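Asker: The lines below spell out each chain.
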Amino acid sequence: MSIVFDGAAVRVAVDGRPEPKTLLEPVSLTLTERRVGVIGANGSGKSTLLRMLNGLVAPSSGAVAVSGFDTVRDVRAVRRRVGFVFTDPLSQLVMPTGREDVELSLRRSVRNAGERRALAEACLERFGLLALADQSVYELSGGERQLVALAAVLAVNPDILILDEPSTLLDLRNRELLRRTLAELDQQIILSTHDLDLALDLDRVLVVDEGKIVFDGGAAAAVEHYRVLCAVEAADVRGAGVRGADGDTAQP
Amino acid sequence: MRGHGFLLANYVPGTSLVHRTPLWLKFLLVLACGMGSFLVADWAAAAAGLGVLCGVFLLSGAGVRRLFRAVRPILPVLAVIGLFQWWQLDGPVAARIVLNVLVCVVAAAILTATTQVQSLLDGVASLARPFRRFGADPERFALTIAIMLRSIPFIAGAYADVRDSARARGLERNPRALVLPVFITTVAFARQTGDALAARGLGEADDGDDHEDREG
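Sequence order for the protein chains is D and X. Under the numbering used here, the letters of the first sequence match residues 66 to 317, in that order. Under the numbering used here, the letters of the second sequence match residues 31 to 246, in that order.
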């Protein structure tokens, strides 16, 4: 299980601008740790980085490979190995109930309806969700929904699990539940988060700022780096804001 | 977008005769009602058909309220159509048309209230299977229908959310403040759903490793 970024960069064309906008500067990395985190401000490129791991975003230059499979050429092989959990479980739960959504995940691999049902139940049971299996996903709490989404993704047994800000919509109790659930998984996990407590659990943390990886190392050092970065930027913004206001009043 | 309690009048768990009726027979019922609506020329016959179907619906144990909920969304449209036909043609024709549409809606409600989405999808997939030789992918066909079923309530919910926030800003009379955000939300939802499906490897063409074992 290894993830290799080889000079992978993402640029997109923007209307009304001659040059493409850079979402992510060229990245070269090898991720082999069991628990890897990505932290950084909104819009810094965290999601882009994660989405490259299962081919949702293709690199504009360079390449990304998962267990030796290229995320563009062998995208199907990559997606079979990489499970992806989105921030908002409702955008990924396609079916009205948890049971049906897990069964949907299994449709391609298990064609027999009875077998599929049994497997789906085993999968929900594992996360303590069997009692909620037939409830509408809209009736579940945020934490339960996130766990159902997780169960649906893990039903097909991926090697690697990607989570894009999994705790952003959760309250403290559900965040704790998610954290414990993740800790018990065998999969290699790559997650982005604003939850610095969650980041501190990880083996390796990348700090992303304005499309660049500005820090790569142990969790505690990465979180510290990120805190300093944010403090400096906030001070800059306030300074600029005050100057701007002065400038405005100077106008006739 | 969160917390839309809307869902189409869907499965009601039960063990009634209607629940145990095989799916293909229920499919046939819906098909027959659809065909019948073109053929039945007498409003009294249409009314009788509607009566029988309502009886079958209630037999399934889904209850009068669910029956009403299944029919309610189309009542305004039916009122307009009925009045127009009455004015253009005459009373019995208008009654026949309205009743025939109701027959189709109730027949469809019977199907969805007594069949789980998964069995419905299995049914749709096996119906589409003969078309495989022409390049159709039955699983993808079934998935499309599942997504359609789920997206309608989402859009209804998005509309409700936007209307509330427009009202909070005193903009409820501005159609642009209603339509545009719903449109944008819907497109964003479609993209998210697409990403989520792609990430789960759903809706892709078959790899060729076909299992031909049939399921019930």
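Where hints are given, some of them may not hold.
What the hints assert, rightly or not - Quick partial rundown of chain X residues pointing at chain D, CB under 10 Å, derived from the structure: (1) Tyr41; (2) Val101; (3) Gln146; (4) Val147; (5) Leu151; (6) Ala166; (7) Ala172; (8) Arg180; (9) Ile185; (10) Gly187; (11) Thr223; (12) Ala226; (13) Ala229; (14) Gly231; (15) Leu232.
Calculated from the structure, these hints are not laboratory results. Being a predicted model, the structure only gives us computed values, none of them experimental. A virtual CB, placed ideally from N, CA and C, is assigned to each residue, including glycine.
Asker: Please write out, lowest number first, the hints stated earlier that are contradicted by the structure.
Answerer: The structure breaks hints 2, 6, 9; every other hint is satisfied.
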